[in-house]
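If you want the building blocks of each chain, they are given just below.
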Amino acid sequence: MIGLLAKAGLQLIMVLLVAPLLSGIIKTLKARLQTRRGPGVLQSYRDMFKLFRKGMVIPESASWIFSATPYIVFVTATLVGLMIPMTTTDAPFSLFGGVLAVVYLLALGRFFLALGGLDAGSSFGGLGSSREMTISAIAEPAMMLAIFTVALAASSTNLSEMAKVAVSQSWKFLAPSQMLAFAALFIVLIAETGRIPVDNPATHLELTMIHEAMILEYSGPYLALIEYGAAIKQLVLMTLVVNTFFPFGLSSDWTLRGLGVGLLFYFTKMLLLACLIVLVETTNAKLRLFRVPELLMVSFIFGALALISTFLF
Amino acid sequence: MNTLPVGPAFTLSLAAYLTGALASLATWRKPALCRYICCGSALAGAIFGGFAAVFGILQGTPVRWSVSSGIPLFRYSFDYDALASFFNLTLAILAGAVSIYSFSYLKEFEGKRNIGVFGFLFHLLFLSLTIVFTAGNAFLFLIGWEVMALVSYGLVTFYHEDRETRRAGLLYIVMAHIDAGCLLLGFALLMQVSGSGDFASFHAAAAHLSKGQQAAAFVLFFLGFGIKAGVIPFHIWLPAAHPVAPSNISALLSGIVLKAGIYGMARIFLDGLGVLPSWAGLLVLIVGVASAVLGVLYALMEHDLKRLLAYHSIENIGIILIGLGAALVFRVSGHLQLAAVAVIAALFHTLNHAIFKCLLFLGAGSVLHSTRSRNMEELGGLIRPMPVTAFCFLIGAVAISGLPPLNGFVSEWLTYQSLLAGFGATGGLTRILFPLAGSMLALTGALAAACFVKAFAITFLALPRSAESRSAHEAPRSMLVGMGCLTVACLSLGLGATWFLHVFDTLTEQLLGPRVGTNLITAHGWVLSAGTPHGGLVSTSVIAIALLFLMIPAVLLVSIAGRRFARRQGPAWDCGLPGLSEENEYTATAFSKALRMIFSVLYQPRREIQTVFDVSPYFPKAIRFESEIEPTFEKRLYVPLKDLLLRFASRMRAIQAGSIHAYLAYIFVTLVLLLLFGVRP
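As they're listed, the protein sequences go chains A and B. Offset between the first sequence (1-based) and my numbering: plus 3. Offset between the second sequence (1-based) and my numbering: plus 8.
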């Protein structure tokens, strides 16, 4: 019990510390690739710090749902952060929820975020909520197929078990089913974290925005909580991708040495994935909203092919 | 433990329902008294029924009574086994909550409608459902089934002044009789083999069924029970009939009457027909997937709150059938443990859906009671005048979307786990179907979440869209108590799922053999497992506790960091226009627009925009917008079928000449044919 809480506390600190850094790194990398100087990797912390100390304006038409939403978004994302293996295969909360719980807890956060968007009563929020729920709904089957492919190989939906199996056969990612599942999950990752070509995190133009439209009415600490939650969600999904497909350096226990090595590998892997995301973001234009389903359909087909190839090869 | 009074409690509950039915009729001239009797005796019946069910579950061994009727094949036999107890428990929970709810709800009927007749039908519905869930004889079952259909018809058409209601009632009664006909044929087939009308004899005779007989009986029962459960493509009566009934009745129709179809399938497919071939299981699975996905897609296009909920019933019946179909496939391939997990997933979802759908319909009933409108486009902002209703509806919405830590999540999680296990347990290409079904279940869940964001937000959040919703008021206390009971049930079945699952131990033991409850529960009852050695684990209770604990730093952070500035209220961003009104809000139609475009192949949407202007089209005086989707099944399947039937009927008119000589000749020919071929030496 004490050990469990200690592990949970340690991972909680890691999640909370690394999440803003990761979005800072992505922003900086993107700026460098576009030959801009960019704001520096620590900017996300500064933004968050500033937002927490600001006052906030609550729309007159909003109810308690509007105020509850930031907490729920933040808390669900953080809890999910405790369920995934980051540096060791032994995630502190993996006993209490596997990959299905991860997907559905994130869906719980999204459910309330969409309600919060509609609660203000302006058209922007509704527009964002509608688009967010639509895109996440059609991303869901592709994500599940990709996850099932990995889960079936490990015959478990428990993330620690999946990581252990992945570690024991560490070059498995060269199998066609794994590559296809990775491609499927990468497209879903882009859609779920609201990145180009699906959504543009840097815009406030009503024709293009999805996530930003939903949270348009939020300000101050509430906005900070939502942004923090979004950063954690991004961290979680990226961790999920790197640790299920490239389980190098995952230590099997919580020793100091294991943690050190694990952390080193973890940062390297995350940095590489961040580079890939930035590359995709910089070399692509944002898709029209009604082109996004086609992209997600490609992801679904990758997932289905991955599944079929698990028992062909 | 073997002396629990199952029989007395069961008899008392039947007696309470019967007395209530007669007493309601007798006191119809005194509406207030009649209302007290109506709700009181139904509540008493529900409590006795609940005790009987709990005793039946605790007892662990089936209780049987049988009285001869003097008619061959027909006996008054009751089988109170684990399956019957489980469905009676579901019935008792719903009957109790709805009885409490109805106490205030029926008040508006006083002086306007005949509460006596309502109470009579209300009690008969519970009585017939109890008989259906406990009957041990095919004829007794069919009598209960028929009474249930007729009473439901009476309740669906309770607002009979309305043309729409009468049409829906007609559709309902026609479909109900097609399904009763299928069941009659199916039972006739089984009785021919077993030589008796008792379910126990079907079980014994299942081994003597030939392959062809088994297949024919399966198809007939699947049609019969499928129509009653509202699976696609036999669903068309459901979204027509459920919304037009009084709201407490809609809650019962969607909550428990549909489940009679599921009960029948569980009873006959798992017990009466022997081990069904795997194509039967796959058919159930595929129909389940189709119902789930299409049901939620049609629900998304609805802006009538009660019709939306009715379409969601189709979706959830689909999810239940996915579990049931998987169980049938596992059983024929010899994986009884897995089959037991899949049955638990299906039946637990049956109970969960009964509870949250009943809750949502009662919530919609409170909204309708307060605003007189089912159209979401006229509602909005109801969370302020109706906070308790809104909270209950929100819990129901989260539960039906399958989100943790509520009960819908637990049963969907079990369904996922059994589907994933199915991939390893079966061979050949069919195994691909299981993960594909899983991904379609994921699509269904996500679309259901989108739909309930719409249903809750458009109805309860933002600004009111009409005068009625501006002057809305909270529902009377007994309605809130009724909804509150179901809300508590949703929460406790979600958080306490691992403790509740023991209920299924005797059930799977009696139906399939293995007791799996102990395999599914680990870590001192806190964690639910998939039943396989290294399989999935989840714990809704720990998730809920962890969410609460993580809430503490978040709240501290906001309150400490934000203490420097007071939060203030201001108008929402209006793009510099002179303030936002309800006309600027997003509507239900607008919310589902993106999905309407993406799935336009299915919906075939049609829209019409007319602009009225004086001088320039840029300054319109009025705009008329009309949008509709194509009712594919009605147009492509049922209208041609109806036309064919009518054409056939007009051909048949030639032999119905009205001449008595002709009719006598028909009778004579029939008699001769029967004597020649029908009577065996």
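Quick caveat, the hints were computed from the structure, so don't treat them as lab data. No experiment lies behind these values; they were computed from the predicted model shown. Just so you know, not all the hints are guaranteed correct.
[Claimed, not checked] Restraint ranges, calculated between C-beta atoms of paired labels, are given here:
1) P42/A to R392/B: 40 to 48 angstroms
2) P586/B to G43/A: 38 to 46 angstroms
3) M300/A to E476/B: 53 to 61 angstroms
[Said to hold, decoys possible] Here are some chain B residues pointing at chain A (derived, C-beta under 8 angstroms):
4) L441
5) A450
6) P484
7) A531
8) L558
9) V563
10) R576
11) K601
By construction, the Cβ of each residue, glycine as well, lies at the ideal position given by its N, Cα and C atoms.
Hint check:
1. Against the hinted window of 40 to 48 angstroms, the Cβ-Cβ separation of P42/A and R392/B comes to about 41 angstroms, which satisfies the hint.
2. At roughly 42 angstroms, the beta carbons of P586/B and G43/A sit within the given window of 38 to 46 angstroms.
3. The hinted window of 53 to 61 angstroms between M300/A and E476/B is violated, with their beta carbons roughly 43 angstroms apart.
4. The beta carbon of L441/B comes no nearer than 11 angstroms to any beta carbon in chain A, farther than 8 angstroms, and the hint placing it at the interface is violated.
5. At its closest, the beta carbon of A450/B sits 4 angstroms from a beta carbon of chain A; the interface hint therefore holds under the 8 angstroms criterion.
6. Taken as an interface hint, P484/B does not check out: its beta carbon lies about 22 angstroms from the nearest beta carbon of chain A, beyond 8 angstroms.
7. For A531/B, the interface hint holds, the least distance from its beta-carbon to any beta-carbon of chain A being 7 angstroms, beneath 8 angstroms.
8. About 5 angstroms separates the beta-carbon of L558/B from the nearest beta-carbon of chain A, less than 8 angstroms, and the hint is met.
9. Look at V563/B: its Cβ gets to within about 7 angstroms of chain A, closer than 8 angstroms, so that hint holds up.
10. Taken as an interface hint, R576/B checks out: its beta carbon lies about 6 angstroms from the nearest beta carbon of chain A, inside 8 angstroms.
11. Among the interface hints, the one on K601/B holds; its C-beta lies about 7 angstroms from the nearest C-beta in chain A, closer than the 8 angstroms criterion.
Consistency note: the structure conflicts with the earlier hints numbered 3, 4, 6.
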